[in-house]
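Take these sequences, add in the hints, and give me the full structure.
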Amino acid sequence: MDIVSLLIQTLNAVQYGLVLFLVASGLTLIFGIMRIINLAHGSFYMIGAYMAFGLSSGITETLPAMIAVGLILSFFIGFVLEWAFYAFLYQREHLEQVLLTYGLILVFEELRSILFGNDVLGVPVPEALAGSIPLTDTLSYPVYLIFISVACLIMAGLLYYLIRHTRLGMMIRAGSHDRNMVQALGINIDLLFRIVFAIGFMLAAFSGMISAPMTSVSPGMGNQVLIISFVVVVIGGIGSVGGAMVAAMVIAFADVFGKLLVPAYAGMFVYLVMALVLLWRPEGIFRKG
Amino acid sequence: MKTSGMFRNCLAVLATLLLPAATLAAEDGKLKVGFMLPYSGTYASLGHAITNGFKQHVDELGGKMGGRTVEYVSIDDESEPAKATENANKLIKRDKVDVIIGTVHSGVALAMTRVARETNTLLINPNAGADEITGALCAPNIFRVSFSAWQPSYAMGNVMLERKHKNVVTLTWKYSFGEQSVAAFKEAFEKGGGKVVKEMTLPFPNTEFQPYLTEIAALKPDAVFVFFSGAGAVKFVKDYVGAGLKTNIPLYGPGFLTDGTLEAMGDAGNGLLTTLHYADGLDNAKDKSFRNRYAITHKMQPDVFAVQGYDAAQLLAAGVEAVKGDIARRAELVKAMEEAKIASPRGNFSLSKAHNPIQDIYLRKVENRENKVIGIVSKALADPARGCKM
Numbered sequence: 000m001d002i003v004s005l006l007i008q009t010l011n012a013v014q015y016g017l018v019l020f021l022v023a024s025g026l027t028l029i030f031g032i033m034r035i036i037n038l039a040h041g042s043f044y045m046i047g048a049y050m051a052f053g054l055s056s057g058i059t060e061t062l063p064a065m066i067a068v069g070l071i072l073s074f075f076i077g078f079v080l081e082w083a084f085y086a087f088l089y090q091r092e093h094l095e096q097v098l099l100t101y102g103l104i105l106v107f108e109e110l111r112s113i114l115f116g117n118d119v120l121g122v123p124v125p126e127a128l129a130g131s132i133p134l135t136d137t138l139s140y141p142v143y144l145i146f147i148s149v150a151c152l153i154m155a156g157l158l159y160y161l162i163r164h165t166r167l168g169m170m171i172r173a174g175s176h177d178r179n180m181v182q183a184l185g186i187n188i189d190l191l192f193r194i195v196f197a198i199g200f201m202l203a204a205f206s207g208m209i210s211a212p213m214t215s216v217s218p219g220m221g222n223q224v225l226i227i228s229f230v231v232v233v234i235g236g237i238g239s240v241g242g243a244m245v246a247a248m249v250i251a252f253a254d255v256f257g258k259l260l261v262p263a264y265a266g267m268f269v270y271l272v273m274a275l276v277l278l279w280r281p282e283g284i285f286r287k288g
Numbered sequence: 000m001k002t003s004g005m006f007r008n009c010l011a012v013l014a015t016l017l018l019p020a021a022t023l024a025a026e027d028g029k030l031k032v033g034f035m036l037p038y039s040g041t042y043a044s045l046g047h048a049i050t051n052g053f054k055q056h057v058d059e060l061g062g063k064m065g066g067r068t069v070e071y072v073s074i075d076d077e078s079e080p081a082k083a084t085e086n087a088n089k090l091i092k093r094d095k096v097d098v099i100i101g102t103v104h105s106g107v108a109l110a111m112t113r114v115a116r117e118t119n120t121l122l123i124n125p126n127a128g129a130d131e132i133t134g135a136l137c138a139p140n141i142f143r144v145s146f147s148a149w150q151p152s153y154a155m156g157n158v159m160l161e162r163k164h165k166n167v168v169t170l171t172w173k174y175s176f177g178e179q180s181v182a183a184f185k186e187a188f189e190k191g192g193g194k195v196v197k198e199m200t201l202p203f204p205n206t207e208f209q210p211y212l213t214e215i216a217a218l219k220p221d222a223v224f225v226f227f228s229g230a231g232a233v234k235f236v237k238d239y240v241g242a243g244l245k246t247n248i249p250l251y252g253p254g255f256l257t258d259g260t261l262e263a264m265g266d267a268g269n270g271l272l273t274t275l276h277y278a279d280g281l282d283n284a285k286d287k288s289f290r291n292r293y294a295i296t297h298k299m300q301p302d303v304f305a306v307q308g309y310d311a312a313q314l315l316a317a318g319v320e321a322v323k324g325d326i327a328r329r330a331e332l333v334k335a336m337e338e339a340k341i342a343s344p345r346g347n348f349s350l351s352k353a354h355n356p357i358q359d360i361y362l363r364k365v366e367n368r369e370n371k372v373i374g375i376v377s378k379a380l381a382d383p384a385r386g387c388k389m
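Those protein sequence lines, which keep their order, are chains A and F. At position 95 of the first sequence (counting the first as 1) the number is 94 in numbering that gives the first Met the number 0, and the numbers step up by one without a gap. At position 287 of the second sequence (counting the first as 1) the number is 286 in numbering that gives the first Met the number 0, and the numbers step up by one without a gap.
I should point out that these hints are in silico values taken from the structure, not numbers from a laboratory. Do not rely on the hints blindly, as some may be mistaken.
[Said to hold, decoys possible] Label pairs and their computed distance ranges (CB to CB): (1) A/A67 - F/K285: 47 to 55 Å; (2) F/A217 - A/G241: 31 to 39 Å; (3) A/D1 - F/I373: 32 to 40 Å; (4) F/N269 - A/L190: 31 to 39 Å; (5) A/L278 - F/I373: 52 to 60 Å; (6) A/V261 - F/T84: 29 to 37 Å; (7) F/K219 - A/R172: 49 to 57 Å; (8) F/I373 - A/G102: 43 to 51 Å; (9) A/I186 - F/N269: 54 to 62 Å; (10) F/A81 - A/H176: 40 to 48 Å; (11) F/A217 - A/D189: 28 to 36 Å; (12) A/M267 - F/R292: 46 to 54 Å; (13) A/I71 - F/L218: 43 to 51 Å; (14) A/P281 - F/L218: 52 to 60 Å.
[To be verified] The calculated SDA-like cross-link candidates involving lysine to any residue, where the alpha carbons are at most 25 Å apart (straight line), are: (15) F/K165 - A/S4; (16) F/K245 - A/T9; (17) F/K173 - A/I227; (18) F/K197 - F/E178; (19) F/K82 - A/Q223; (20) F/K245 - F/G265; (21) F/K173 - A/A274; (22) F/K165 - F/N269; (23) F/K54 - A/I227.
Using N, Cα and C, we set each Cβ at its ideal position, and we do this for glycine too.
Right, dumping it as structure tokens:
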């Protein structure tokens with residue numbers, strides 16, 4: 000592999016890492032901080048992608064408007080979901096959380112089938128971002144991928160700031176440690192968690208929305224995202240936004256270079272790396288206490 | 000001694016009494032067709048298309064084959080190989096079907112084929128392309144009316160030779176159908192003097208193609224051959240175009256790349272060349288009448304899967320008519336099916352010794368979201384049926 004290829008592959012890995020982080024970011028909040036095993040995370044991602052399809056084919060063509068409408072809509076859906084289902088889960092066993100959230104996967108898949116059918120659908124890349132930048136004489140880099148990378152970085156920054164440096168973030172962290180104590184201090188914990196959950200849902204849906212134009216919108220698309228998101232959150236250290244970013248990068252580099260160096264074992268390489276990391280640090284890279 | 004003799008007599012009387020009834024049931028009873036197809040999940044639309052196609056031909060026959068009314072039982076196989084054996088057994092033992100039609104997913108089809116072989120149940124496979132089904136697993140009671148993985152890809156090898164490509168890179172998912180497709184392509188392509196510079200695979204159903212595209216750009220082959228289908232095909236073609244490769248390094252593949260995926264690809268699919276046993280805009284009367292009728296009944300255009308369902312019914316009818324509905328005459332039934340000349344919407348075909356269609360493979364070009372036929376690449380192409388001892 001010559002130096003140019005190596006640089007481009009590194010770029011591929013960084014870009015993939017950013018996408019992985021974005022996709023897992025919603026789970027970092029809901030699983031990492033609120034400690035709910037949310038198997039429906041992939042479905043949230045899928046809902047975002049179908050939302051992008053629905054909005055782009057019927058209501059609005061412009062990207063900023065689409066994202067704005069999508070974010071508001073998904074915050075609302077997340078809010079209602081928490082109120083109707085997840086609110087009952089905080090004090091429950093993990094098994095019950097798994098049962099409910101797995102049930103939700105089935106419900107969302109069936110709804111998807113009823114509303115949109117089972118065909119593979121596509122969302123066109125917005126006109127303004129449709130170009131490519133030439134890297135070598137044969138290879139170009141799609142502008143849209145750069146847009147996604149920037150969006151991921153912004154989202155990562157915002158999330159980190161929210162958790163670490165705002166009053167809301169402080170309450171969230173405190174609430175995840177000791178719910179009753181926070182409540183005793185006069186904070187409306189139910190509303191707080193409802194908002195956090197809604198933000199988590201919004202992040203997952205947002206990643207689905209902006210990923211839609213570069214992938215496809217299809218049945219079962221959430222399942223692929225689910226496993227890798229859990230891998231990212233677990234390796235990163237549960238509850239750590241910074242850890243999730245580092246973990247996403249580790250996984251992305253393992254994936255890209257695994258495919259190039261040991262193509263026959265590319266499928267398991269990522270999980271091998273995960274196993275090694277967890278042997279080294281069972282609590283994840285950025286473990287707490 | 001005496002009692003047992005009487006008992007035997009009684010049995011004999013009973014048997015003579017029952018015998019006509021049994022024969023009557025076989026002649027006048029209904030013909031039970033068991034669909035084992037995906038009616039939920041990713042392949043649900045394929046399962047429905049096959050069912051619709053099959054029923055369309057049965058309706059043309061007035062709902063009867065060989066004088067017997069056709070009756071349907073269906074089971075959703077969910078494209079789940081783990082449930083395949085149980086589901087096939089349900090149709091055979093619980094529902095006592097006369098013939099099974101199925102299925103789409105190759106893993107499920109392989110398990111079904113094994114069950115059908117063990118129980119000697121008549122099976123018509125309307126889609127799944129795994130080479131083994133009419134290869135190592137071939138049997139007198141196993142038929143396929145679709146294609147083998149080998150056929151379209153082997154034909155594509157010849158297309159790429161004709162188009163003067165010398166060095167080619169291949170890419171597919173690391174699973175049986177993808178690997179069989181690449182092997183068939185390579186067989187034809189290298190026999191004609193071409194060279195496969197690099198065979199790349201990625202784990203199924205991974206769609207992170209960027210590292211491979213970078214490698215293809217660095218290798219600068221004359222062309223690329225891929226097998227992908229469904230959502231993966233959409234993403235691959237979009238990524239290939241996004242990486243600017245489509246203008247410099249032409250992309251080819253078997254028709255699954257562009258079947259049912261063109262709407263989702265948008266303009267990215269334009270101009271792609273693929274090979275398959277069916278195409279849009281075929282110039283034959285059978286296809287036109289088939290499509291018209293399908294469009295009127297179902298308010299949508301038929302696809303290759305509907306054609307395969309339709310042909311499954313044609314093949315079955317050929318056999319059942321020949322024995323006048325008495326399907327217990329299995330040897331004659333099978334012989335009639337083997338010798339059937341099927342007037343398919345795809346063009347006429349007959350079956351090979353291993354019961355796979357000997358058919359024309361078309362070269363198609365994507366135009367206006369359709370796979371327009373350009374011509375026939377391989378006339379009457381027969382699968383080599385490797386490993387078949389029949």
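Against the structure, the hints come out as follows:
{"no.": "1", "hint": "A/A67 - F/K285: 47 to 55 Å", "in the structure": "holds, 53 Å"}
{"no.": "2", "hint": "F/A217 - A/G241: 31 to 39 Å", "in the structure": "holds, 34 Å"}
{"no.": "3", "hint": "A/D1 - F/I373: 32 to 40 Å", "in the structure": "holds, 39 Å"}
{"no.": "4", "hint": "F/N269 - A/L190: 31 to 39 Å", "in the structure": "violated, 52 Å"}
{"no.": "5", "hint": "A/L278 - F/I373: 52 to 60 Å", "in the structure": "holds, 56 Å"}
{"no.": "6", "hint": "A/V261 - F/T84: 29 to 37 Å", "in the structure": "holds, 34 Å"}
{"no.": "7", "hint": "F/K219 - A/R172: 49 to 57 Å", "in the structure": "holds, 53 Å"}
{"no.": "8", "hint": "F/I373 - A/G102: 43 to 51 Å", "in the structure": "holds, 49 Å"}
{"no.": "9", "hint": "A/I186 - F/N269: 54 to 62 Å", "in the structure": "holds, 58 Å"}
{"no.": "10", "hint": "F/A81 - A/H176: 40 to 48 Å", "in the structure": "holds, 42 Å"}
{"no.": "11", "hint": "F/A217 - A/D189: 28 to 36 Å", "in the structure": "violated, 56 Å"}
{"no.": "12", "hint": "A/M267 - F/R292: 46 to 54 Å", "in the structure": "holds, 50 Å"}
{"no.": "13", "hint": "A/I71 - F/L218: 43 to 51 Å", "in the structure": "holds, 47 Å"}
{"no.": "14", "hint": "A/P281 - F/L218: 52 to 60 Å", "in the structure": "violated, 42 Å"}
{"no.": "15", "hint": "F/K165 - A/S4", "in the structure": "holds, 24 Å"}
{"no.": "16", "hint": "F/K245 - A/T9", "in the structure": "holds, 23 Å"}
{"no.": "17", "hint": "F/K173 - A/I227", "in the structure": "holds, 19 Å"}
{"no.": "18", "hint": "F/K197 - F/E178", "in the structure": "holds, 13 Å"}
{"no.": "19", "hint": "F/K82 - A/Q223", "in the structure": "holds, 22 Å"}
{"no.": "20", "hint": "F/K245 - F/G265", "in the structure": "holds, 15 Å"}
{"no.": "21", "hint": "F/K173 - A/A274", "in the structure": "holds, 23 Å"}
{"no.": "22", "hint": "F/K165 - F/N269", "in the structure": "holds, 24 Å"}
{"no.": "23", "hint": "F/K54 - A/I227", "in the structure": "violated, 43 Å"}
Against the hints set out earlier in the document, violations occur for numbers 4, 11, 14 and 23.
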